[in-house]
Every structure is written in C-alpha cells, then in structure tokens.
Amino acid sequence: MENPFSEGENRVIRPPATAVVIFGATGDLTHRKLIPALYNLLQDDYLPSNFAVFGAARSQLSDEEFRKSMYESVKKYSRRAIDEKVWEQFAKNLYYQSVDGSSDSGFRKLKERLEKLSDGGKEPYNYLYYLAVAPGVFGSISSRLKEVGLVEPPGKGKRATSLIVEKPFGHDLPSSIELNNVLRESFAEDQIYRIDHYLGKETVQNILVFRFANGIFENVWNRNYIDHIQLSWSEEIGVGSRAGYFDKSGLLRDIVQNHLLQVLALLCIEPPTSLSDANSIRDEKVKVMSSFKRMTMEEVATNTVRAQYTKGFVNGQSVKGYHEEDDISASSKTETFAALKFEIDNWRWAGVPIYVRAGKRLPKRITEISIYFKRPPGSLFRGRQVGELEQNVLAIQVQPNEGISLKICSKPPGPRLRVRPVVMDFTYGHSFGVASADAYERLLLDSMKGDATLFIRNDEIEQCWDLLDPVLKRWADDPKFPVETYEAGTWGPAAAAQMLRPGNHRWRRL
Amino acid sequence: MKEQYSYEKVAVTQIPTALNRIFSSLQMPEGQKEYSRSANRNLVMPLFGRDVLKDVDTLIDSLALVHPSRFFVVVVDEGTQDLTVEIGARCVGLSKSEHACSEVIRIFVPQKLLNAVPSVIRAHMLTGMTTELFLIDPRMTVEALNLMTPQTDTILFDSGDFDGRGDLLSKVLEVTPSIVDLQWLALSSWRDELRRVLDWARGEAGTPQLREMEIQAQSQDAKDEIPACAALFAGWFIERLSFRFSPSRGGKVVCRNPAGREITMYIQVKPAPGDSKLTGLVLKFEGGAELAMTRHERRLDTSIKQANGNIVTTARPIDDESRGGRLRRYFLIGESTTNYNSALRTGLKVRGNR
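These protein sequences, in sequence, are chains A and B. Using this note's numbering, read the first sequence as starting at 1 and increasing by one per residue. Using this note's numbering, read the second sequence as starting at 1 and increasing by one per residue.
Treat the hints as calculated values from the structure; they're not laboratory data. This one's a predicted model, so the numbers in the text were calculated from it and none came from an experiment. Worth double-checking, as some hints may not be accurate.
For each label pair, taking beta carbons as the anchor points, the in silico distance ranges come out as [as the list claims (entries may be wrong)]:
#1 B:P258 / A:L380: 33 to 43 angstroms
#2 B:R50 / A:K320: 30 to 40 angstroms
#3 B:P138 / A:E390: 47 to 57 angstroms
#4 B:P258 / A:S410: 41 to 51 angstroms
Beta carbons: idealized from backbone N, C-alpha and C, even for Gly.
Excised from the complex, chain A in its bound form (with noise of 0.2 angstroms):
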C-alpha cells in the first residue's frame, strides 16, 4: 500500500548518517573547498543530525591540531563569514587520523575510530571516502580500504561505501583505463563517485533547466539554426605554485579533456528520459561524446592550436612569461592556451563546427558558452543603411558573474530605420537575490545521498580521452608542431584566430 503521507510532500533533502573521510587532509583541496564546503551544509541545515567529518594524512596531528587549522581556513575560504556557533557544532565532528598507504596500522585505528560513531545503537553511519589526493595513491589507499574491512558490497552491507575521486582521471586513454580497473579492485562502479566540479556549478546545472523547460529553445537547438558554438575558459592568473604539477599535464589535459568537455557534453546532448534518474543523462552524455569526430593526425594541425604566454601586462601588472616562471624549464613545450575545432557527426549537429579555448594569463578570469545563430537573409533591409546584420547570440556565462544573456538586434529610436544590437539578461544575483552555493557543496551533498546524476561515469572519462588522445598524441610525438606564443594580457595567439577564419568566425571578444 502506498504511504498516503508522502504524496505532494517534497523528498526530505538530507542524506542518511555519514562519516566523510579526506584523504589528503592536510592539503591545498581540503583547505580551500572541502572543509568550507561541509562546514556551509551544515549552516544550510542541510547535514544530517549524525555526521562526522575525518581528517587522514600521513602528519601526525592531534585532532584539536586539525580543528585549529580548518578553523583558519574556513575563515578563510568560505564564501561567508564564520558563525562561532556553527562552528561549534561543526568542529565537535570534526577528526583527524594519521594513515599511511604503505601500512594498515592507521586505517585499522580509522575503522576502530569510524565503527565507534555508530556505538550505542544509533542509526549506522555511511562511510564516504575523499581521495584528495595524488591518483598514483589512489591503489593503495582503496586496496587498504578493503583489507581492513572497511569497503562493504553495495546493497549487501549494513551501511553504504562510496568512493570520491577527482581528476585527473589518468593522463591519456590506457591509464585512465589501468586507473579505473585499480579503484574496481576495492569497490563496484556504483560506489565510485568522480567529481568534475563544474559539474556542481549552478550555471552549469542550469543548461538542461534552460535548454528543457523553455519551449522556445529546443526546437531551434540545432543545425538548421545555429551557426557556431564557442566555448571559452580563460583565467588571469599563470601557473603559480602548480608550476611542478601543470608543467607535466598542461591545459588540455588540466582543464579541456574535463570540465570544458562536460560542459560541452550537457550542451549537445539529446533530452535525457529522465533528470531524476542518473544513468539516463549520463547515457545521453556518452551516446554524444561518442559521435564528436575523431581527429586525424591532419586534422589535428589544422583544427588545434597550442601556445605558451610570454611576457606581458595583466590587469595593469608586469607579469613574467611562462618559461620564467619557478619551476619551468626553457624547453619545456607544455601548453599553457589550447585552441580546439570539433564537430558532432549527427543528425542535430552535423556541420556546426565547435571551437573551444583555454588559456591561462588571459585578460580575464572569465568561463563562457557562446552559441552563435545564424543570420536571417537581410532581404529586408538592403538599402537601408544597415550593414551586415549582427548575429544572435545566447552566451550562458559559468563563471564570475553568472547568468545568461542573449543578444538581439534591435532599432533604436529616430526617424529612420536602423538596427544595432542590443542584449537581454539575466543574472543569478539580480534574479535570485542569494550567492550560489560552492560547487563542492552540493557534490558532497548529493555523494552523501547516493545520486550519481552530478558525477562522471566511468565510459564518459573514456570518450574523453579517446577525442583527445589524437590531439595529444601529435603534440607529443611530432617535434615540429608548433608552439606559438602570445602576449599575457592578450587573448591568445595569432594563430587562434587564423583556425575560425575558414568558417569566417572570429573569437568571441570577452
């Protein structure tokens, strides 16, 4: 019989008991986003009455140590001040233990430690485990994990295990595969949450709010109507003190074969049979990946660009070029600005080139979908004075100021009949009046509740790698491809530029 009580009533939004524990908690990751992130579920209400937070990392730290330390950084971090109480209450879960992958002694004190919560009859904890940590780690960690009993089959134990990892999901297609089959070692696909946490943006979230609950945008969300897609990720800052870390992955591998792809993914996709279930986008999301066009190794010369910023001025600064920076040889080819054109071969998009592009020591911090219209035939208004007409453009901005807008032409007043283009928008802070949540908020939030929808299938990492390896692969082994330069400050090379004049586009000037 079904519960009379639960019709018309919302699903309660908190999740089950959980004990999270990070791995890597001493670490840039937990410091900056974890901690801040749980500490704002807990502020929102949205944490269950019984959770704990454990802190693993080889230091040895006491846990009022540990206390200490997330205290400043979420002072810090946190997208709002601290409330003293809160903190009260979100420090008194909060626990570290020291654990080392090479023995089992701290992850036997961590089960001792973990089993306790759930002492006096009280509602079993799930355990979720943060690997904020190195991937060549991530075998050992989980393989521990199992041997000290703490990984139970899913559906057969008395609690839930699951597993967060974050990218990089390997450095190409073979050891993306070698990872994945490590961590199936230790738990099922099911239990394996891998976080994009673009993922978890609301901007991001929003394309399938946007593209499927307004009439007017799915009917026109193809090639019959759209002239072109840009996809721009540009950050201000260079690399900083990931020098070490990004020297040996660079751009395309750091920030393109991920986020930008996800969010290309969600834009192309077909209309999922469900937003509940999590398989059905994910499947959507596959099925699309699979149909991008592969490159040959021609292709890969004429549709990719791949650059390295010199010195320059940004914002106003003097800042070094990128063979200047700590930590980076002058023949190093890693690129630091990546220029890409796809194509999907399928019935929705076949023939509408898609061109991405990230750089780092742009102008700007900016990440932005622009997708071009084509133009009406002008037949109306030769003769007038008006000069080509502009296109339209709906450009969905992901990050700083997030929102929508879409440019229109419109006439502007007078006696004659002119056109200029004018832009609508809408702007997450006008509109709903309160700050996003963190990404990693509603992550944590949904891994702890067990919905997947946010979070990366193992078939869509490798559909990743497997459009990209081409790409890689030439960079890599073909010593004579070039790596242009550009000025920090600027948008990119020349060369950027030269890849949309054969389809007579030109970059989007954000």
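Dock chain B against chain A, hints included.
Chain B only, in chain A's frame:
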C-alpha cells in the same frame, strides 16, 4: 536632470566591485529611482593631458543620452608615476523616472606605462560588446593607436582635429575598416545637396560636361595643408566620378575623367578663426552652365545657372555642426559611411599625404 558621482580612486583589481558599490549607493531625487547602467558599448578615449578632462565629462554627458557606454578615459600624464585608476558614474535623465548612467573608468599613466593600459581595458570591458575608440585629442600618437586598436571594433573621430596629421589618418585607415568620421557627417549636407542637384539636372537637360571646379574652405592655418573637410570632399568627389588625378600643387589638382577629359580642381582655403569648414563649391560646365553652393551661417544656398542663362536658386539648412550635434545625429539618425574610407584615402592622396 544630471546626477553624477564624483570620481574615486580605486585599485585596478577593485574596479568591478567599486562600480557595483557606486551604483548601489547612487542617490536619486525622491521618486526617481530607476537607472540603467551602460550595458551595450565600450568606448575608449585616449587623452594626452589632464587639461581636457572637463570637456570629456561634458562629452560623456551628451553621449550618455544617445549612446550609454562604459567609458575608458585613458590619460597620458607625465605627472603620474604609476598606472592609477579612478571610477565614476555620470547619469543623465531620460524621463522623470528614468536615468541612463554611463560608467567611467579613468586610467592615468605616464607615457612609459602606456603599453600596460590595453590590459586594463581588456580586463574590464563589457563582455561581448562592441568597442569604439574615440579619438578626440589632436595629440593622439600612432603608438597609442597601435596599442588601442586590437581591442577596437570602430574608430570614432573628427579628421578635422587631425589636420597636419596625415600619418595618423593613414594609420586609422590601415587598422580598421570601420570608421566614423564626424567630419564626414559635417559634409553630409553638401553631399546630399550635390546629389539632389544632379538628380534634378538629369531630369532637366541631361548632365553637362564638367570642366572646372573650386572647393572653398576656411581654416585657422590657411597656409598649412588642405584642411580635412576640403580633402575629404575632394576625395569623395574624385572617387564617385572615378577620376584619375595628381596630388595638389598649390591648391590645384589636375583630374581626368574616365573618358580622358581634363578637369581642373582648385582648392581655395581662406584664413578664419574657429573650426575648419567648407564654405563653397563651384562647378563649371561646358556651354556656360554653372553650379554654386555657398554657406551662409547655418544655411546652404545653391545657385544653378543653366546653359540658356536661366538661374535657379534654392536654400537648405546645414545640420548642427557642433561635435555634440554631429554625435547625436549619428547615433540617433545614422549616416552612411559606405564611401567614406575610399574618400579619405583619396583625400589624403590629394593633399600629398602617404
């Protein structure tokens, strides 16, 4: 009603926050709360001294009514040690309840740091919007032009401000195809009147053969090169009729029409205070027909002497030639610039500029 927020010095990185703060604290008179921020255009104005800042504020106010923009006023000032920024907002009342506000970002730099300025503009431009570069200071340099144009869609200026600056005008033509010259707008009455007369003449007795013409202008420095108004008009005339020509020698330009017939063009410039302007145009035809257009204050008188001796006269007003008037006309009514680039290019050749 004008409301303005006095300029405030801010760090470059704080520009967006400071602009938001200004607008959230703008004090409007009772009952007049509606204001709109500039959202559709970026407009960059390089200046080479603080002496013209007050005039620029007046100009911004007049533009805010017809062309609200985010203004970047770049001031090269050797009295400044570093790059510094001030921000402000200038609001103009559109109606009882609505104000249009232009955000103003002033960037002060010594010459040695001028090359840092484009990075500030790029960092704070309105995303995806057209950017216009307004050259209003005759001290504008080619170096500054080269720095500013990569982030520019259109150059707006008055070529009359740059008499004696053939180098700059040539560079303007080179760096962008989209140019709005206020001098061109000043000539629109003359061009339109010529068009009207030709339409009439064709209807009457066909177009007679032109043999000689005189373009009359006034200029403060009549001894210097041909002023922009005359050069531009000559360039337009030559281009429209597909003449070949040799550059001016002492105000005489020898032209040949496509049939090879020689036409002599005289450009006469008289000294007079104030802005340079066209004062007259005389076209002499075979058979004794003659067309004379003469300026009288804000009126253009046209006299047509036909070959049979009949004389027909008409008069029309000349549009408001003040800078503000021309800007308002351009932004409210518009002006065709289809033949402008070729007219300027040819006009520069007429006066011997490369």
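Taking the hints in turn, this is what the structure says about them:
1. B:P258 / A:L380: 33 to 43 angstroms: Because 35 angstroms falls inside the window, the suggested range holds.
2. B:R50 / A:K320: 30 to 40 angstroms: holds (33 angstroms)
3. B:P138 / A:E390: 47 to 57 angstroms: violated (33 angstroms)
4. B:P258 / A:S410: 41 to 51 angstroms: Distance hint for P258 (chain B), S410 (chain A) holds at roughly 43 angstroms.
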